[in-house]
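*Asks:* Spelled out from the first residue to the last, the chains are:
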Amino acid sequence: KQEVTQIPAALSVPEGENLVLNCSFTDSAIYNLQWFRQDPGKGLTSLLLIQSSQREQTSGRLNASLDKSSGRSTLYIAASQPGDSATYLCAVAYSGNTPLVFGKGTRLSVIA
Amino acid sequence: GAVVSQHPSWVICKSGTSVKIECRSLDFQATTMFWYRQFPKQSLMLMATSNEGSKATYEQGVEKDKFLINHASLTLSTLTVTSAHPEDSSFYICSARETSGRLTDTQYFGPGTRLTVL
Numbered sequence: 164k165q166e167v168t169q170i171p172a173a174l175s176v177p178e179g180e181n182l183v184l185n186c187s188f189t190d191s192a193i194y195n196l197q198w199f200r201q202d203p204g205k206g207l208t209s210l211l212l213i214q215s216s217q218r219e220q221t222s223g224r225l226n227a228s229l230d231k232s233s234g235r236s237t238l239y240i241a242a243s244q245p246g247d248s249a250t251y252l253c254a255v256a257y258s259g260n261t262p263l264v265f266g267k268g269t270r271l272s273v274i275a
Numbered sequence: 336g337a338v339v340s341q342h343p344s345w346v347i348c349k350s351g352t353s354v355k356i357e358c359r360s361l362d363f364q365a366t367t368m369f370w371y372r373q374f375p376k377q378s379l380m381l382m383a384t385s386n387e388g389s390k391a392t393y394e395q396g397v398e399k400d401k402f403l404i405n406h407a408s409l410t411l412s413t414l415t416v417t418s419a420h421p422e423d424s425s426f427y428i429c430s431a432r433e434t435s436g437r438l439t440d441t442q443y444f445g446p447g448t449r450l451t452v453l
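Listed in order, the protein sequences are those of chains H and Z.
Per the numbering used here, the very first residue in the first sequence carries number 164; after that it's consecutive.
Per the numbering used here, the very first residue in the second sequence carries number 336; after that it's consecutive.
Simulated from the structure, these hints should not be mistaken for laboratory data.
These numbers come from a predicted model, not from an experiment.
No false leads were slipped in.
A few chain H residues facing chain Z, derived, Cβ under 7 Å: (1) GLY206; (2) LEU207; (3) LEU212; (4) PRO262; (5) PHE265; (6) LYS267; (7) GLY268.
Residues of chain Z placed beyond 12 Å of chain H at every Cβ, according to the derived structure: (8) VAL346; (9) CYS348; (10) GLY351; (11) GLY388; (12) LYS390; (13) GLU398; (14) PHE402; (15) LEU403; (16) ALA407; (17) SER408; (18) SER418; (19) HIS420; (20) PRO421; (21) GLU422.
Taking lysine to aspartate or glutamate pairs in the EDC-like style, the calculated list, with each CA pair at most 16 Å apart, reads: (22) Z:LYS390 <-> Z:ASP400; (23) H:LYS164 <-> Z:GLU394; (24) Z:LYS401 <-> Z:ASP423; (25) Z:LYS355 <-> Z:ASP400; (26) Z:LYS376 <-> H:ASP202; (27) Z:LYS349 <-> Z:ASP423.
Just so it is clear, CB atoms sit at the ideal spot from N, CA and C, and this is done for glycine as well.
The shape of chain Z in the complex, shown without the other chains (with noise of 0.2 Å):
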């Protein structure tokens, strides 16, 4: 099946600094990548929509500035977290869909980032 890729697992970092988390599609294209944040017994709630060469789409509630996504390769995103606050600890997630179709109709998920920010 198809891969998708995330580095760091799990990162720690003090208040003020920046975090950038890589998502990669191993054996697919991907134009479009969904960035996810699940916080601690809570489920997976999209933060925003990465499109290959263009800007990304946020979600109401979520900091453009604050969470920085690049999506310059057809199977690359990054999400940048900068300035990161303790409220940020969270665990990241980034599902990629296989644009020509050649596999199955579905989302694959990446491993996961885990932010501990002191």
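Looking at chain H on its own, in the form it has when it is part of the complex (with noise of 0.2 Å):
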């Protein structure tokens, strides 16, 4: 069975700290991975898209890595703030027409 594992399941840092989030995944042979946000009671928000073939991506102050092989995934998020306090969801697909298999989210709490 597929599944995606976070971890921690909360976290909570003080402002300005630099942070990882973890993921892994089950079955290795994956299409790609994405890394979304969730506010309380709203929809999800990309963040980073990681193909198969690819080993990181960057956007601003997150940094998301992809180690296939070991079935493993990070978002470091730098120099922390209150506003990046949600959830954050990783989520495996494999293949371009299939379903995302998702993880139960790590939620973040950033205190000022």
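Once you've looked at the hints, go ahead and assemble the two chains, each given alone in its own frame, into the complex.
*Replies:* If you want it as structure tokens, here you go:
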């Protein structure tokens, strides 16, 4: 069964800290991996998409890495801000036409 | 970027009534759309795959007679929750993948519909 696991489930950090969110997946034959942000009661905002042939993607203060062979991805957030507080979801696609398999998310709180 | 809309954004209904949720791809065509459900503090779980012009494919444990899916055009899929009960209260999100490959190879998500059944 294809599963995606995210650790930690929740994280609270003071403003300004750099932090890492972890994602692991059981089946390494992925097509791509995506990180999303979800604010309470809201939909998904796509942050970064990494194709299976790529090792990392960067957008502003965010950097996502992918190690397909070990079934892992990390989302690095630099200089965290209170506005970064949200739930971060990792999701894996196994082909271009199949649905995403989501992790349960990491709930991040950045304290001012 | 590509936009997917959902309507309504929220709905409150009485137990036993039916609720229709629309998912539209606004600026691209989508042969395939996916419907997910998210319970409080849980992740998104796939309910069904909606295919234009054919029957939807449901995930194990999802009742096809209760959650009716119609994908009548390349830009619209509807999910109807029939005889809704309080346990159906959830956040329903759709996603769509652009058919022609013109856009980046990703799925675009709607903003979600929050259903509350009293």
